[in-house]
Amino acid sequence: MAGQLIRLIEAPQGRPLRIVNIIGGHGIRRRLRALGFHPGDLIERNSDALFGGPILVKNLSTEVSVAVGRGIAQKIMVEVVDGQS
Amino acid sequence: MASPDRPLIVFVGQPNSGKSTLFNAISGYRAQTANFPGTTVTHTHSEVYVGGQIIRIVDLPGTYSLNPADPAEKAALAHLFQEPPDLIINVIDASLLGRSLELTLELLEMEQPLVVALNMIDLAEKKGIKINREKLENLLGIPVIATVANRGWGIKELISCSLDCLKKRDCRPKAPSWTGDVEKHIQSLAESIPEDFHCVHNRRFTAIKLIEAGETFCHEILKEIRPELMQRVEVVRNQLELLRHLPAFEILAAERHHLALKLFESVAKVERGKRIGLEEKIDSILMHPVLGYPGLILIFSLFFFLIFLIGNPLEGILLRPWSWLTAWIQQQSWPSFFLAFMDGLIQGIGGGLAIVLPYFLPLLFLMSFLEDLGYLSRAAFLLDALMHRIGLHGKSVPSFILGFGCNVPAIMSTRILESPRDRFLTSLLIPFIPCSARTAIILAIIAFFLGPWWAMGFYFFQLIIVALVGNLLSLFLKEPSPGLILEIPSLKIPSLKTVFSKVIWQLRSFVQFAWPIIIAGSIGLSFLQLARADIWINWALSPLIKGVLGLPINLGITLIFGFLRKELSLLMMLQALGIEYHSLPEVLTRSQLVVFTAFVSLFIPCLSTFVIIWREISRRAALLSILLNISVATFVAFLLRLII
Chain Y
1 MAGQLIRLIE APQGRPLRIV NIIGGHGIRR RLRALGFHPG DLIERNSDAL
51 FGGPILVKNL STEVSVAVGR GIAQKIMVEV VDGQS
Chain W
1 MASPDRPLIV FVGQPNSGKS TLFNAISGYR AQTANFPGTT VTHTHSEVYV
51 GGQIIRIVDL PGTYSLNPAD PAEKAALAHL FQEPPDLIIN VIDASLLGRS
101 LELTLELLEM EQPLVVALNM IDLAEKKGIK INREKLENLL GIPVIATVAN
151 RGWGIKELIS CSLDCLKKRD CRPKAPSWTG DVEKHIQSLA ESIPEDFHCV
201 HNRRFTAIKL IEAGETFCHE ILKEIRPELM QRVEVVRNQL ELLRHLPAFE
251 ILAAERHHLA LKLFESVAKV ERGKRIGLEE KIDSILMHPV LGYPGLILIF
301 SLFFFLIFLI GNPLEGILLR PWSWLTAWIQ QQSWPSFFLA FMDGLIQGIG
351 GGLAIVLPYF LPLLFLMSFL EDLGYLSRAA FLLDALMHRI GLHGKSVPSF
401 ILGFGCNVPA IMSTRILESP RDRFLTSLLI PFIPCSARTA IILAIIAFFL
451 GPWWAMGFYF FQLIIVALVG NLLSLFLKEP SPGLILEIPS LKIPSLKTVF
501 SKVIWQLRSF VQFAWPIIIA GSIGLSFLQL ARADIWINWA LSPLIKGVLG
551 LPINLGITLI FGFLRKELSL LMMLQALGIE YHSLPEVLTR SQLVVFTAFV
601 SLFIPCLSTF VIIWREISRR AALLSILLNI SVATFVAFLL RLII
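Order-wise, the sequence lines are chains Y and W.
Note that our numbering gives residue 19 to position 19 of the first sequence, counting from 1, and the numbers run on in steps of one.
Note that our numbering gives residue 138 to position 138 of the second sequence, counting from 1, and the numbers run on in steps of one.
Everything labelled a hint here was simulated from the structure, so no lab data went into it.
Values in this document were obtained by computation on a predicted structure and should not be read as measured data.
Watch out, some of these pointers could steer you wrong.
When the alpha-carbon atoms are kept at most 25 Å apart in a straight line, the in silico SDA-like pairs for lysine to any residue are as follows [to be verified]:
| id | chain 1 | residue 1 | chain 2 | residue 2 |
| --- | --- | --- | --- | --- |
| 1 | Y | K58 | W | K126 |
| 2 | W | K492 | W | I285 |
| 3 | Y | K75 | W | H258 |
| 4 | Y | K58 | W | L386 |
Turn these sequences into a full structure, and let the hints guide you.
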């Protein structure tokens with residue numbers, strides 16, 4: 001599974017993920033960057049709200065947590081990072 | 001322009017950096033604070049007297065960057081463009097140093113005198129981040145002061161350093177330069193910008209903003225008078241994009257990101273693996289996908305029960321002397337004019353003190369606590385899916401929760417919503433949220449006479465109405481809202497000092513603005529009754545009051561006054577019926593009490609709310625809001641009359 005490009009929404013919880021690309025429009029990319037989520041950053045999917053609610057993502061280097069809707073999570077491409085890095 | 005005798009200091013920082021808390025510590029509590037993004041949605045001005053001179057200080061809305069994404073951030077940027085300050089204080093959350101430095105780098109590009117307040121340094125240390133302040137100061141080339149705003153640490157140093165910068169010390173930074181080609185392109189664009197143009201105080205900064213920020217204040221004006229410049233901007237933007245195969249704004253953002261990372265790595269040491277703190281433990285329950293929901297229900301039930309448990313006995317105690325005083329006045333053989341005046345005065349003062357305040361005070365306390373704790377954005381996370389049902393998303397939740405305190409700041413807070421449609425819809429729904437005034441009415445009538453469970457049910461019922469109206473409105477406003485991206489700030493156990501100061505600040509504004517209206521309203525009603533003018537108003541309203549709602553005709557007039565302040569309807573109800581508070585259930589049936597409370601709390605946004613919707617959204621929205629509220633209130637109250 002490591003190294004394979006997947007959408008954040010399909011990514012497993014509690015494992016380090018690397019943001020590869022954000023395929024959304026300018027608005028989304030700007031917003032995520034401003035909150036400190038850049039391509040190359042290590043993140044972790046922490047919790048999913050019930051009933052199709054948002055996903056809680058934490059940036060592992062800055063410890064900023066952000067709730068993103070599932071629509072946004074479709075547009076964040078990540079790869080699972082193996083082991084300790 | 002800033003005047004030399006009254007220098008202007010502006011506070012800029014990312015949301016939740018403690019900017020407003022710091023501002024308050026200096027100005028004496030005038031700005032609203034809360035632990036969720038966008039509390040300061042409009043800027044707060046203050047004047048302070050320090051070091052023998054008057055200084056104007058402005059608290060700008062929190063902004064992640066100087067590339068505005070929502071109306072609150074636009075306001076921040078426009079202010080910096082319009083009136084270049086004498087000094088900018090950049091407040092940084094030290095525990096988020098890496099990210100915060102990106103905004104600092106943007107501020108350096110402005111080349112305005114700048115001081116960095118490295119705030120929440122205690123939290124950073126708790127998280128295992130050690131920052132070398134001197135080194136940061138050297139690398140940035142401007143003063144860096146460590147502060148802990150909510151404990152008042154470092155405030156003195158910050159003030160004296162700011163004064164130094166205003167007087168003698170050179171705190172003007174040099175803009176950091178970027179990697180080769182990017183820098184070259186920006187420079188060439190900067191040179192083609194007119195130097196003497198009034199909104200340009202730094203050509204390089206203006207060039208950068210023209211490339212990356214989209215519609216800014218300066219953009220509009222430059223487009224009109226220098227159309228050829230805008231073509232040049234397009235050319236440079238294309239060249240940059242060809243160079244790096246990325247949108248231009250991302251190229252610049254990436255430049256800053258790398259600079260910020262480099263800075264962070266050279267000034268901060270991070271020791272991970274610290275023990276999990278109390279806050280994290282609580283947070284893991286609050287945000288738990290399953291446990292979070294019972295938690296949410298528990299917190300809000302507790303919220304209302306506590307208000308009732310404190311307010312109810314307090315009301316009983318405070319009412320006694322007042323009913324005694326009222327009875328005494330009515331026995332006096334004063335001239336009728338004076339008697340009416342005194343009666344209105346006592347009812348107004350006593351009503352505010354004995355009926356409204358007992359519920360208002362605990363509500364303020366608990367609300368401030370929840371706000372500063374950071375629970376509002378957590379509720380947004382949990383309730384996002386539910387909000388989709390009414391055509392909104394979780395980002396509207398903090399505004400709705402603020403509405404329980406007062407609808408006015410709630411409507412202002414919708415500025416953090418990016419889409420105008422979401423702002424419109426949220427602002428139309430907020431007036432259906434029972435604010436503190438209406439909570440006082442609900443608790444004083446429903447809970448006091450029918451019991452707390454009835455009041456809880458009533459509250460729940462009002463939330464269902466919000467959901468139904470939202471559902472209905474979103475049928476007409478189909479446009480999809482943009483997806484949710486919301487920062488969840490770390491949970492902070494609020495400092496009692498901040499909570500207390502906030503309550504006192506809000507209490508003061510109640511005493512200054514709301515109470516006088518309540519008193520004037522009571523006296524006004526006394527005179528209307530004396531002149532028997534109330535009969536005509538009641539007669540005109542009787543088809544609604546008696547026909548539809550089945551209430552005593554006398555209550556008609558109380559609705560007119562309810563538009564001014566919601567509490568007035570309650571106080572005047574007693575006055576209009578000519579009875580004492582305790583004998584209310586002898587005059588009105590249970591059904592009538594419920595119908596009246598429902599109608600009063602729904603029928604119209606109060607005057608201040610109406611004005612704020614008009615100003616913040618549009619005249620159309622304000623008028624629509626009145627129409628919507630009257631129709632919903634009439635319909636709901638009529639239904640209740642049939643059911644109960």
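Each hint, compared with the structure:
| no. | hint | in the structure |
| --- | --- | --- |
| 1 | K58/Y / K126/W | holds (18 Å) |
| 2 | K492/W / I285/W | holds (15 Å) |
| 3 | K75/Y / H258/W | holds (24 Å) |
| 4 | K58/Y / L386/W | holds (23 Å) |
Going down the numbered hints, you'll see the structure goes against none, and every one checks out.
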